[in-house]
Structure formats: C-alpha cells, structure tokens
Amino acid sequence: MMYAIIGVLAVVLIATIYMIYRQSKKIDLQKKMLTEKYQHEMAATIEKYRDQQLTIEEEFHREVMEIKENHDRETAFFRQSVSQLNRYIDDVQSYAKKSSNVSTYQALYQLKQRWIDENKILAEDMIIMPNVFIPFYTEDRIKTCRVDHLILLPTGIYSIEEKHWKGKIIHGLTDKNAKEFSFLLDMVQAKPFIQVYEQTLVFSSASTVEGQDDSLGLLYVKAYADPAKEAWNTAKMVSRFLVSKMGAIINDVTPILYFNHQHQDHSSEGVIDLSKDSSVIRVGHEKELFSLLEEQFDRPMLYSREDLRKIKENLEHIHYIRDSIEM
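Read in order, the letters of the sequence shown are residues 403 to 729 in my numbering.
Treat the hints as calculated values from the structure; they're not laboratory data. Careful: at least some of the hints might be erroneous.
[What the hints assert, rightly or not] 35 Å max Cα-Cα, derived DSBU-like pairs, lysine-lysine: (1) Lys647 to Lys714; (2) Lys427 to Lys439; (3) Lys624 to Lys638; (4) Lys514 to Lys545; (5) Lys565 to Lys624.
[What the hints assert, rightly or not] With beta-carbon atoms standing in for the labels, derived distance ranges: (6) Thr447 to His473: 33 to 39 Å; (7) Leu621 to Glu697: 34 to 40 Å; (8) Asn521 to Asn635: 35 to 41 Å; (9) Leu694 to His473: 52 to 58 Å; (10) Asn472 to Lys624: 50 to 56 Å; (11) Lys434 to Met467: 47 to 53 Å.
Just so it is clear, CB atoms sit at the ideal spot from N, CA and C, and this is done for glycine as well.
Please take these sequences and the hints and turn them into a complete structure.
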C-alpha cells in the first residue's frame, strides 16, 4: 500500500514537473515573441522617427531656400526699383522748365481769376496743373510723359501741348497738300516720313535765331514731325492713367496743340494750319486759347467739383513705380 502511494505521488510529481517545464517553455517562447515584437516595433518606431526627421529637415531646408529666394527676389526688385527711380529722376531733371510754359501758366491763372471776379465760375470749377509727369514702363525701364498744362473743367479734361516756335509756321504739311512747298519736303528729306504723318515747317529770319546776323537776310527752315500726334499721345496717356485710378468715370482727355505764337508781323509770322486732323484742337495764340476754354463751359457737364478734386489729388500723388502704366 505504501509503495502504491509513493508511486502515485512520484507520478504526480513527475507530471507536475513536466507541466512546470512545459509552462516554462511556453513562457520563454512568449517572452521571446514579445521581445522580438518589441524590437520590431522599436525598429519601426526608430525608422519612422528617422523618416519624420528627414522630412522635417527637408521641409526646413526647402523653407529656408524659399525664404532666401524671396529675399533675393525682393532685394533684386528693390535694387531695380531704386535704379528705375534714379533714372526717372534723371529724366525729370533733364526737362528744362521753359519760360514760355511759365508765362502760359501765369496767363491761365490770371484768366481764372478774372472769371472768378466776374462771377462766371467758382475757384473749384477750374483747376490748372502745369508740368504733370505721367509714368509708364517699357521692357527695361520706367519713363515719363510730360504734360505742359492740364486744365480740369466740369465739362472735360484738357491736355495742352505747347510749342513756342518763332517765325512763320506751316502745320499739317503732307506730300498731298504740299504743292509749292513740296521742294522743301525734298530738301529736308521728309517724304518717307510725311506719307504717314503730317509735318510742321517753321520759317524764321536770322533775327529770331540766337547768334545770327540779320543783315545777311538769311531764311531758316526747321522741319518737325507731327506735334499734333504728340499732343494726342500725351492726352491718351493721361486718360489711361486716370482710368487706371478712377475707372469709367473718366472720359477721353481732349488734346490741345498750342503754338503760343504772339506774333506782331502777320506777313512774316503766324500759323498756317493745313491739317485735316479733327482729333486734336489747334490754337495759334493766347486769345484763341482763352476763347476756346470759355466755350467749353457751354458744353454738358461731365464732372462734379468733387470729381475734379479727386482727379487733381490722383495727379498730385503719383507713385512713379507702382502707378506706372504699360505702353
């Protein structure tokens, strides 16, 4: 009996030891699997961190490069703007203020004061702006278009192109209407140019040419291109600028070609106008200009006094880089 009990206990002990052994093996296997899983997850985490770190570094590098490129662009633009502004200043300084422009401004101002005194207008109904510069840009630089005089009226905006030429002026000459003057066109070699544009010839004696002896009886002939076309282009430039600032409220600017010819001798001085161009108003002397401006007040009103004030303000506060218009 005792031996049987001992045998049973031995079997139970062996079975228990075997179960413990198997459980230990199972635990070791689980530990190994957990360790491998942990190592795998750790390796994946490290790889993911490295990838993220690399991505962050690449993004940081890209952002740094973008900042640098933007900075380089802004620096280049700034330098270009300064260069353009310096060239613009050179352009402005190259314009000599002609005494005739000053005298015309004074005459226009006196005309305005007279109309105010006569109760024909209020001060806000007529704005006179001399030497207005409209900026425009070409492919490589900013340039300016000079307006000799701008007159702002309720009935319109008038751009005056002033030419103070002494002598007998023949304006609007072409190969078709030259007739007895055709030989002069040949002499100044203007015919290829004349076929498209009108031209102006100015005949003057030596007395009107500085440093020349009038006793020799010499006659001088100067050939110009088409000042009316120049006046038209200037008015168009003003119109485009104002439309860019104020929109559809702006009507076309009216160009006026003003010869400012205060002639005494009608036989040797004055203006002969042969032009058929109706797009530009042409006046020969001060009285004609004043009459023309007075007639404008009988036309329909286009601008209020507030409109005129805003137009003046836009022309007085031009940013010569930002406000430049494209040619």
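Verification of the supplied hints:
1. Lys647 to Lys714: 12 Å, holds
2. Lys427 to Lys439: Status holds; Cα separation ~18 Å.
3. Lys624 to Lys638: Within the cut-off at roughly 27 Å; holds.
4. Lys514 to Lys545: 32 Å, holds
5. Lys565 to Lys624: The hint holds at about 13 Å.
6. Thr447 to His473: 33 to 39 Å: 38 Å, holds
7. Leu621 to Glu697: 34 to 40 Å: Since Leu621 and Glu697 have Cβ atoms about 37 Å apart, the given range 34 to 40 Å holds.
8. Asn521 to Asn635: 35 to 41 Å: With Cβ atoms ~38 Å apart, the hint holds.
9. Leu694 to His473: 52 to 58 Å: Distance hint for Leu694, His473 holds at roughly 55 Å.
10. Asn472 to Lys624: 50 to 56 Å: 54 Å, holds
11. Lys434 to Met467: 47 to 53 Å: At roughly 49 Å between Cβ atoms, Met467 and Lys434 fall inside 47 to 53 Å, so the hint holds.
Taken one by one, the earlier hints all hold for this structure without exception.
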